[in-house]
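Q: Those protein sequence lines, which keep their order, are chains R and E. Under the numbering used here, the first residue of the first sequence carries the number 1, and numbering increases by one thereafter. Under the numbering used here, the first residue of the second sequence carries the number 1, and numbering increases by one thereafter.
Just so you know, the hints here were simulated from the structure itself, not pulled from any lab data. Keep in mind that a hint or two might mislead.
To be verified - Straight-line Cα separation of at most 27 Å, DSSO-like style, residue types lysine-lysine; simulated pairs:
id, chain 1, residue 1, chain 2, residue 2
1, E, 108, E, 118
2, R, 128, E, 83
3, E, 244, R, 245
As the list claims (entries may be wrong) - One side only, chain E facing chain R, incomplete, derived with CB under 8 Å:
id, residue
4, 54
5, 58
6, 62
7, 65
8, 98
9, 100
10, 138
11, 183
12, 216
13, 220
14, 222
15, 231
16, 238
17, 239
18, 243
19, 246
Glycine is no exception: its CB is placed at the ideal position from the N, C-alpha and C atoms.
Protein chains: 2
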Amino acid sequence: MQKYFITKENLENRVITGDDAYQMSTVLRFKGDEIVMVSDSEKSYLAKILNVSKDEVSFEIVEEKTGNMELPVFVSIFQGYPKGDKMEEIIKHGTELGAKQIIPTFMKRSIVKLEEKKITSKLERFRKIAKEAAEQSFRNVIPEVPSIPYLKTIDFSSFDVKIVCYEESAKNGELKAFKSLISNLKENARVAVVVGPEGGIDDSELSYLKDKGFIPCALGPRILRTETAVFYILSAISYEMELKKWK
Amino acid sequence: MQKYFITKENLENRVITGDDAYQMSTVLRFKGDEIVMVSDSEKSYLAKILNVSKDEVSFEIVEEKTGNMELPVFVSIFQGYPKGDKMEEIIKHGTELGAKQIIPTFMKRSIVKLEEKKITSKLERFRKIAKEAAEQSFRNVIPEVPSIPYLKTIDFSSFDVKIVCYEESAKNGELKAFKSLISNLKENARVAVVVGPEGGIDDSELSYLKDKGFIPCALGPRILRTETAVFYILSAISYEMELKKWK
Numbered sequence: 001m002q003k004y005f006i007t008k009e010n011l012e013n014r015v016i017t018g019d020d021a022y023q024m025s026t027v028l029r030f031k032g033d034e035i036v037m038v039s040d041s042e043k044s045y046l047a048k049i050l051n052v053s054k055d056e057v058s059f060e061i062v063e064e065k066t067g068n069m070e071l072p073v074f075v076s077i078f079q080g081y082p083k084g085d086k087m088e089e090i091i092k093h094g095t096e097l098g099a100k101q102i103i104p105t106f107m108k109r110s111i112v113k114l115e116e117k118k119i120t121s122k123l124e125r126f127r128k129i130a131k132e133a134a135e136q137s138f139r140n141v142i143p144e145v146p147s148i149p150y151l152k153t154i155d156f157s158s159f160d161v162k163i164v165c166y167e168e169s170a171k172n173g174e175l176k177a178f179k180s181l182i183s184n185l186k187e188n189a190r191v192a193v194v195v196g197p198e199g200g201i202d203d204s205e206l207s208y209l210k211d212k213g214f215i216p217c218a219l220g221p222r223i224l225r226t227e228t229a230v231f232y233i234l235s236a237i238s239y240e241m242e243l244k245k246w247k
Numbered sequence: 001m002q003k004y005f006i007t008k009e010n011l012e013n014r015v016i017t018g019d020d021a022y023q024m025s026t027v028l029r030f031k032g033d034e035i036v037m038v039s040d041s042e043k044s045y046l047a048k049i050l051n052v053s054k055d056e057v058s059f060e061i062v063e064e065k066t067g068n069m070e071l072p073v074f075v076s077i078f079q080g081y082p083k084g085d086k087m088e089e090i091i092k093h094g095t096e097l098g099a100k101q102i103i104p105t106f107m108k109r110s111i112v113k114l115e116e117k118k119i120t121s122k123l124e125r126f127r128k129i130a131k132e133a134a135e136q137s138f139r140n141v142i143p144e145v146p147s148i149p150y151l152k153t154i155d156f157s158s159f160d161v162k163i164v165c166y167e168e169s170a171k172n173g174e175l176k177a178f179k180s181l182i183s184n185l186k187e188n189a190r191v192a193v194v195v196g197p198e199g200g201i202d203d204s205e206l207s208y209l210k211d212k213g214f215i216p217c218a219l220g221p222r223i224l225r226t227e228t229a230v231f232y233i234l235s236a237i238s239y240e241m242e243l244k245k246w247k
């Protein structure tokens, strides 16, 4: 079954519009009677498709679906802006793995420079990827990609736990910080994670973040690429908090 | 610093050849005196570059480097052959995350069909990616990509723990199997992990694997893409076995 995030207004009017309607009518060739899930990011419903056109697909609600698919903590990933299409990969998999916010962040060693007008189209693209990944992984909400800030303009004061991935910590054998923090997370904690771009975190950025209360963490003995570090962190939080053992 | 895996013969002769020599001479523009790490997959050494040409770079050994970067268990990933370039992504990140073998496996719902001659070139490409990722992440060994078998031709009898990712288990709320198995892993255990292609595992494959001793495991409440499941599993094993807590 496919899930679709729609606006509150469309949910009230029982219609799906835009790209989703186009996909249902042309790619999936819906004829009516199909069952899908729709959500306004607050509640999710099983819906039966009624009429299908390229611009608009109407539906009726069959039943409300309850069930929480969200990580029990609020994780914001501040990702040093990487090269190529890595940012898209991070948003896609980071969404599946439960991040609540993914914030592409300009850091000293980010090579990519974006003009103002390019930023708007990049953000649109990133939000589309987050929406599609949230639909595919049956998230209750779409992660936010709010802006593309510079690291030192970010207000980190609302976060309870602050983690900065630091490769040198791995080289120095400091492997205790991450697990100590993650295994003590409380439900609904707000967790900020800063991951540097390919070139890593600059020394001045590291001391700036330490002053803001960030703890440098290594993620095992191997050197991980920037995108792999994000996958590791979110997987570990899920493993620690969402999975249980047999009695 | 860059790490290079070289043959035993090249290590004895203190030379680097092939693509690596080409890269050192043309892309990195080495002139001599640079320090790199070389390894024959058994031992690793700091090496000082002597003479550089496109075909051959000579070096002298400065010192042996000890230090284990390997996961304390032997994990073989049997990956249902996926579409597009996902297999390459899985080999790249799976290598960083510590897999010892990554075996692209034809399963019922694999869409890709490969002719015999295509298989040879695919394997060459996959092994190159594994080598490069092992170098970048400072692994002690290069993971094997031994062949591209059909699922039912594989002999799983040498494995101690057998995990099959099963999405339906997530839908049914069965979240205990994976953590129960992983948290009880013993050092040097041999772990087989089967992950289906995009369409998932076929019912007949699931019962075949269960007969072979595989335990169906869910990886949290969200539905993960096939490649994300691999990242989750390897990250969780590292988190469980390699990271410690503060006293």
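Q: All the hints need checking, so say for each whether the structure fits it.
A: These are the hints, each one checked on the structure:
At roughly 20 Å between alpha-carbon atoms, residue 108/E and residue 118/E fall within 27 Å of each other, so this suggested pair holds. For the hint linking residue 128/R to residue 83/E, the alpha-carbon distance of about 22 Å falls within 27 Å, and the restraint holds. Annotation: proposed proximity of residue 244/E to residue 245/R holds, straight-line Cα distance about 19 Å (limit 27 Å). Hint status for residue 54/E relative to chain R: violated, with the closest Cβ pair at about 27 Å, above 8 Å.
The criterion of a C-beta within 8 Å of any C-beta in chain R is not met by residue 58/E, whose closest approach is roughly 27 Å, and the hint is violated. Checking residue 62/E against chain R: minimum C-beta separation of about 18 Å lies over 8 Å; hint violated. Taking 8 Å as the C-beta cut-off, the interface hint given for residue 65/E is violated, the closest approach to chain R being about 12 Å. Proximity of residue 98/E to chain R holds as hinted, the smallest CB-CB distance being about 6 Å (cut-off 8 Å).
Given hint, residue 100/E at the interface with chain R, is violated; its Cβ is 13 Å from that chain's nearest Cβ, farther than 8 Å. Nearest Cβ of chain R to the Cβ of residue 138/E: about 5 Å, under the 8 Å cut. The hint holds. Satisfaction of the interface hint for residue 183/E is found here, the shortest Cβ-Cβ separation to chain R being roughly 6 Å, below the 8 Å cut-off. For residue 216/E, the shortest C-beta to C-beta distance to chain R is roughly 14 Å, which exceeds 8 Å, and the interface hint is violated.
Here the hint on residue 220/E is kept, as its CB sits about 5 Å from the closest CB of chain R, short of 8 Å. The beta carbon of residue 222/E is positioned within 8 Å of a beta carbon in chain R (closest approach about 4 Å), and the interface hint is therefore held. Among the interface hints, the one on residue 231/E holds; its C-beta lies about 4 Å from the nearest C-beta in chain R, closer than the 8 Å criterion. Taken as an interface hint, residue 238/E checks out: its beta carbon lies about 5 Å from the nearest beta carbon of chain R, inside 8 Å.
The closest approach between the C-beta of residue 239/E and any C-beta of chain R is roughly 4 Å, which is under the 8 Å cut-off, so the hint is satisfied. Given hint, residue 243/E at the interface with chain R, holds; its Cβ is 4 Å from that chain's nearest Cβ, closer than 8 Å. The interface hint given for residue 246/E holds, since its Cβ lies 4 Å from the closest Cβ of chain R, which is under the 8 Å cut-off.
Hints 4, 5, 6, 7, 9, 12 from the earlier list are contradicted by this structure; the remaining hints agree with it.
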